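Visitor: The chain contents come next:
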Amino acid sequence: MFRRICLTVLAAVATCACAQDASPVTAALTRDEIRGATISEALSLPNPGELFAAFNKLGKPDWSSMFRKPPSGTYTNRPQLALNLGALIADGYLAAEAQEKQQVKNISREIKTLAKGLGLEQDVVNRSNSISDFADGRQWEAVDQELDAVQNELSVAMSAHQDRELVTLMALGGWLRAIEVVSGYLAEHYTTEGAKALRQPAVCGYFSARIGAMPAKMQAAPLVAELHRGLPEIENLLSFAPEHPPIVEDVRKLNLAANNIVAAMAARKQ
Amino acid sequence: MRRSVIVSTLCAALAASSAIGVPEDDLVAARRDALELAGAWANDGFRLREIYWSGTVGNGETRVVQVNLYAGNQYWFTAATRGAEKVSVNLFDETGTPVRSENYQEGPRSAAGFAPGTSGPYFVKVEGTEGRPSAFCLIYSYK
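Protein chains in written order, with this note's numbering: chain A, 7 to 276; chain B, 13 to 155.
Hints were generated in silico from the structure; no laboratory data involved.
There's no promise every hint is true.
Below 30 Å or equal to it, Euclidean Cα-Cα: the simulated DSSO-like pairs (lysine-lysine) are [to be verified]:
#1 A:LYS111 <-> A:LYS66
#2 A:LYS63 <-> B:LYS155
#3 A:LYS122 <-> A:LYS63
#4 A:LYS111 <-> B:LYS98
#5 A:LYS66 <-> A:LYS202
#6 B:LYS98 <-> A:LYS259
#7 A:LYS107 <-> B:LYS98
#8 A:LYS202 <-> A:LYS223
#9 A:LYS75 <-> A:LYS202
#10 B:LYS98 <-> A:LYS202
#11 B:LYS155 <-> A:LYS75
#12 A:LYS118 <-> A:LYS223
#13 A:LYS75 <-> A:LYS107
#14 A:LYS107 <-> A:LYS66
#15 B:LYS155 <-> A:LYS118
#16 A:LYS66 <-> B:LYS155
#17 A:LYS66 <-> A:LYS259
Derived DEER-like restraints, expressed as beta-carbon distance ranges [said to hold, decoys possible]:
#18 A:SER165 <-> B:ASN55: 31 to 41 Å
#19 B:ASP37 <-> A:ASP139: 52 to 62 Å
#20 B:ALA52 <-> A:ARG144: 22 to 32 Å
To give a feel for the contact side, a few chain B residues facing chain A, derived at Cβ under 7 Å [claimed, not checked]:
#21 GLU62
#22 ASN85
#23 GLY108
#24 PRO133
#25 PHE135
Everything numeric in this text was worked out from a predicted model, so none of it was measured.
All C-beta atoms in this analysis are idealised placements derived from N, C-alpha and C, irrespective of residue type, glycine included.
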């Protein structure tokens, strides 16, 4: 009897060990596996909320000090609309991190306005309402998820309209705005840990390659061309060795570079 | 309620963009299974990304995707298959070296969680270890 109980307990322990264990023995990836790794526009690109979440661990930034006047909803140029939609979604994450209800609701309305410019208002109307409702309920994590959902649904709708380039530009707009926000904050409240967290050597290169593969007409659009020219500097500033984080002057340079592009996105009439 | 709305919407989006040659039903089911497992991390404060990566994987076959993560955050990568009896998820740093992770394995569903010490690129490997070639879906959560 005792032997039977012991065996049962051992079997149960073994089952638990199979179900959840720390760090199994796994062979390293081969060079071919690394070279052949998929880069998925959806999965491989972090959203602005991930960057803000990482910085929240380093203290409690005053995110509301990084708010800006939302970009105008009067653009008619589609690449510009897509870039600013991405940047506005990043502003939404920022407002959620700051836990500013009215700001979240304002941004949600602006997202709808910009989506309308692309003929995609119906694709975001429900999400936009949900964002406002969750903001009213101060459910900030739910706001984050709805913002992610808005971007995902806009991406699906853009792809369905054969506008793959707009999906890339929307993601790029959000990425740049998030970098602008965080580098701006870090420039004023510099810490080595914060500077280390900025590292992302592959993301800008990915965007540069995607713009380089866009149709010539799209690449020639003044705003897209300006972005393409500006990305290598940002890539360079984010491509440091982990043990050599950027000094405060480099963070300021990064902020200036991101700020220039985001301002061009928001202001340029094409 | 909200979660079921999200699942339905995503399943609809997935159905509209399924991988070539893979039954849509299998992809939708794999996605649903992955979301179900990821729900466990959501209860622990993890935010589920709406995006996913899907395809097919057979016994002994691997699929690798690059992700770009931030130091300070914690992540869970969750995969599920339909058809295969077993799938595994493993994580690697930018040099291809396995990273120390917490692993969960339950037949056709698997997950790996870790907190990167360095921001930058990482690789997620999905491997079919038993069963016929089948659809898989990979999602991730962070906090």
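Visitor: Work down the list of hints and note, for each, if the structure agrees.
Guide: Structure-based check of each hint:
1. A:LYS111 <-> A:LYS66: holds (23 Å)
2. A:LYS63 <-> B:LYS155: This hinted pair holds, its Cα atoms lying about 10 Å apart.
3. A:LYS122 <-> A:LYS63: The given pair, whose Cα atoms are some 36 Å apart, is violated under the 30 Å limit.
4. A:LYS111 <-> B:LYS98: violated (44 Å)
5. A:LYS66 <-> A:LYS202: holds (17 Å)
6. B:LYS98 <-> A:LYS259: Violated, at about 49 Å.
7. A:LYS107 <-> B:LYS98: violated (45 Å)
8. A:LYS202 <-> A:LYS223: Measuring from Cα to Cα gives roughly 38 Å; hence the hint is violated.
9. A:LYS75 <-> A:LYS202: The hint holds at about 29 Å.
10. B:LYS98 <-> A:LYS202: Judged against 30 Å, a Cα distance of about 38 Å means the pair is violated.
11. B:LYS155 <-> A:LYS75: Distance ~28 Å between B:LYS155 and A:LYS75 Cα, so the pair holds.
12. A:LYS118 <-> A:LYS223: Answer holds: A:LYS118 to A:LYS223 is near 27 Å, not above 30 Å.
13. A:LYS75 <-> A:LYS107: holds (16 Å)
14. A:LYS107 <-> A:LYS66: It holds: about 18 Å lies between the C-alpha atoms, which stays within 30 Å.
15. B:LYS155 <-> A:LYS118: holds (27 Å)
16. A:LYS66 <-> B:LYS155: holds (15 Å)
17. A:LYS66 <-> A:LYS259: holds (24 Å)
18. A:SER165 <-> B:ASN55: 31 to 41 Å: Check passed, 32 Å falls within 31 to 41 Å.
19. B:ASP37 <-> A:ASP139: 52 to 62 Å: violated (33 Å)
20. B:ALA52 <-> A:ARG144: 22 to 32 Å: At roughly 25 Å between Cβ atoms, A:ARG144 and B:ALA52 fall inside 22 to 32 Å, so the hint holds.
21. GLU62: holds (4 Å)
22. ASN85: holds (5 Å)
23. GLY108: holds (3 Å)
24. PRO133: Hint holds; B:PRO133 Cβ to chain A Cβ min 5 Å, cut 7 Å.
25. PHE135: holds (6 Å)
Hint compliance for this structure: hints 3, 4, 6, 7, 8, 10, 19 are not met, and every other hint is.
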